[in-house]
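Protein sequence lines correspond, in order, to chains B and C.
No gaps in the numbering here: position 205 of the first sequence is 205 in our numbering, and each next residue is one more.
No gaps in the numbering here: position 112 of the second sequence is 600 in our numbering, and each next residue is one more.
Derived by calculation from the structure, the hints in this document are not laboratory data.
A hint or two may mislead.
Stated by the list, open to error - Reference listing, derived: stretches of chain C covered by chain B, where coverage requires no fewer than 3 residues with Cβ under 8 Å from a Cβ of chain B:
# : region
1 : 513 to 527
2 : 595 to 609
Claimed, not checked - As a list, the in silico DSS-like pairs of lysine-lysine whose alpha-carbon atoms are at most 30 Å apart:
#  : chain 1 : residue 1 : chain 2 : residue 2
3  : B       : Lys448    : C       : Lys538
4  : C       : Lys534    : C       : Lys645
5  : C       : Lys493    : C       : Lys514
6  : B       : Lys196    : C       : Lys661
7  : C       : Lys493    : B       : Lys215
8  : B       : Lys215    : C       : Lys576
9  : C       : Lys661    : B       : Lys457
10 : B       : Lys456    : C       : Lys648
11 : B       : Lys284    : B       : Lys448
12 : C       : Lys656    : C       : Lys576
13 : B       : Lys448    : C       : Lys656
14 : B       : Lys196    : C       : Lys493
15 : B       : Lys215    : C       : Lys656
16 : C       : Lys656    : C       : Lys645
Idealized CB from N, CA, C, for every residue including glycine.
So the chains spell out like this:
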Amino acid sequence: MASHSESIIREPLVTGDNITYARVTNEVLFPVENKPNTAWWIGFTIAFLGALLWVFSISWTFWFGLGEWGLNKTVGWAWDITGFVWWVGIGHAGTLISAVLLLFRQNWRNSINRSAEAMTIFAVICAATYILGHMGRPWLAYWCLPLPNQYGSLWVNFNSALVMDVFAISTYFSVSLVFWYTGLLPDIAAIRDRAKGLRRRIYSVLSFGWTGSLKTWQRFETVSLILAGIATPLVLSVHTIVSFDFATSLEPGWHTTIFPPYFVAGAIFSGFAMVQTLLLVTRKVLGLENYITMFHIESMNRIILLTGNIVAFAYISEFFIAYYSGVEYEQYTFLNRFTGPYWWAGCMMYGCNILMTQLMWFKKVRVNIPISWALSIIVNIGMWFERFVIIVVSLHRDFLPSSWAMFYPTVVDVSVFIGSIGVFFTLFLLFIRVLPSIAIAEVKLLLKSSSEQSKKKILASGHVDPEQAEFYKQSLTSYDSVELADYE
Amino acid sequence: MSSTKFILGLFDDPDLMMDGIDNLRKNSVPIYDVYTPMPIHGLEAKLGVKDSRLGYAAFCFGLLGGITAFTLIYYTLVHDWPMNIGGKPNFAIPDFVPFVFEWTILFTAFGMVATFFYSTHLFPGRAPRVMDLRATDDRFVIAINAKGNVPHDDITKLLKDAGAVEVKHNDRKYVSYE
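The following block holds chain B by itself, in its conformation from the complex (with noise of 0.2 Å):
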């Protein structure tokens, strides 16, 4: 029921007195319906330049060929493989908080899940162009698909890990987008119905014809559930059959079988990493910090703790059984990631992924915005290097010393990368200009229930345990958006 409302102690979700629908929709659309200000031109320009220096440098790629990138004999995959990890990470934070925190109902998820599902979408994007950036003929691409051809069918080796990323990535993609434009249904219909002209009728032609009825939305949150039934387990796969890549193989420091818990900790890592990096700054640019309030910043900073800690059990694990196996080779690659040429890369590793999570520890650290947006950066900086580590530094030591050789990038692999972030920042920040970047209906849900307004309703009433109003009170003191003085 709407009128059902929460327990006191629990944090509210939506902060601010006054806020009713209506407002829900005017702030949350006021950047769509709005000319954009100066702090999203000025991203926008960086970010379209960076989109530009992706367009120059794959093209370059396919112009001239793989040998224009740093790759060796020895070291054959590099800053593509671990571009390609990083991002599909990234990407896996927006499914867990749409899918996993939907089946738990965590209401918190409401205000962050819209753009955490579009960063999910525009990171398997730039994940993708990793992978047809790599095949240096990107015309044959279509050689994956297990297509009949004159070879009398050759077909696909099913028995890859590579052929498995194929589907699995290609499944991940095309289910997110289905899950993320299901549910902006409702808010393209909600910007339609107050828009004029062409653009009413662009949002109209985009809005399938939604109404809000009855029917509709009982049919839409069956829809939801059991699509978030699905992308559970499917985001797990994902990241699981990103680590076989890796893991079937016979690669001292890649032959693991602790790989696929690991990798899927990692991904959900650094997604909220990158959650939290965007979403920062957005509520801070768009004026959204009563609807991502506090208690959604030290939520994500729990879980990129939790999981951080689950990482750094893994790369011990990884460590202790390099030991406890007794081979040679597998002790070397681990010592060597310490010891070798490449030891920075070690230590930003451990350093950002274990060191400096642990920081978020403490609740003052977890609610201050600025040091945890600098966490957020590190660690996704570590978690790239995580990925160099396990790749070139595993690979660069070959079993033959003869054949051992270092990874230098060229100018072409720098840009490659820079420019994906570029494409990244491109689409994130046409996202928020064209389609509201939290779930309207989603947070109107939560104004009777959990708003700060409908607990000082409750507190009003004076039907509350005094003890659990302090508890209450001693809980808001953190919010950046909650006016103290209020509960004086």
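Given chain B, work out where chain C should sit, using these hints.
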């Protein structure tokens, strides 16, 4: 004979709208539909709408996807062009699992969403059949077919008593057509 086609009770609060529905039902006024900016839980039970059967459709599509993937891999890997890879068996079911799983999910998602769009008549470019433009913003709208439901003033009063902020007597069914 009045030209009113639909009577709309506009509420600014979902709980008051629920009261409005109770009022109408106590007086045996049939409700045409309810338009809300967000899903209202408990509404379908109140109005006696049966559970959605989309779950069955989802299951069937999932089964279809799993069978399709299994058949495809069996045909290509075992039947059509068996490859000798280190003397390992061709019919290696563990290798099938990721593909069967992925296509089960893929078919479930696309099949179910397509069924949802089909049964709810949603498709790109469909003219939105909106009775009140604020139903996607901040109004919870109860629509009553005016034909046969007279007198209109009594219905208006029932809605007003429940707390409707506005009651509209619309001459057109949908306001969204230009």
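Restraint check for Lys196(B) with Lys661(C), where alpha carbons must lie at most 30 Å apart: holds (20 Å)
For Lys448(B) and Lys656(C), compute the direct alpha-carbon distance and say whether it is at most 30 Å. Holds: Lys448(B) and Lys656(C) sit about 26 Å apart, inside 30 Å.
Can the restraint linking Lys448(B) and Lys538(C) be considered satisfied, given a maximum Cα separation of 30 Å? holds (26 Å)
Lys661(C) paired with Lys457(B) [C-alpha distance capped at 30 Å]: Violated, at about 39 Å.
Hey, Lys196(B) versus Lys493(C), does the alpha-carbon distance stay inside 30 Å? holds (26 Å)
Between the alpha carbons of Lys656(C) and Lys645(C), is the straight-line distance 30 Å or under? holds (12 Å)
For the pair supplied as a hint, Lys493(C) and Lys215(B), is the alpha-carbon distance within the 30 Å limit? Distance ~21 Å between Lys493(C) and Lys215(B) Cα, so the pair holds.
Can the region 513 to 527 of chain C be counted as covered by chain B under the rule of three residues or more with Cβ-Cβ separation shorter than 8 Å? holds (count 7)
Given the hinted pair Lys215(B) and Lys576(C), is their Cα-Cα distance within 30 Å? violated (53 Å)
Please work out if Lys534(C) and Lys645(C) have their alpha carbons no farther apart than 30 Å. holds (21 Å)
Are there three or more residues in the region 595 to 609 of chain C whose C-beta lies closer than 8 Å to some C-beta of chain B? Holds, because 10 residues of the region 595 to 609 of chain C bring their Cβ atoms closer than 8 Å to Cβ atoms of chain B.
Can the restraint linking Lys656(C) and Lys576(C) be considered satisfied, given a maximum Cα separation of 30 Å? violated (74 Å)
In the structure shown, a violation is registered for the earlier hints numbered 8, 9, 12, in ascending order.
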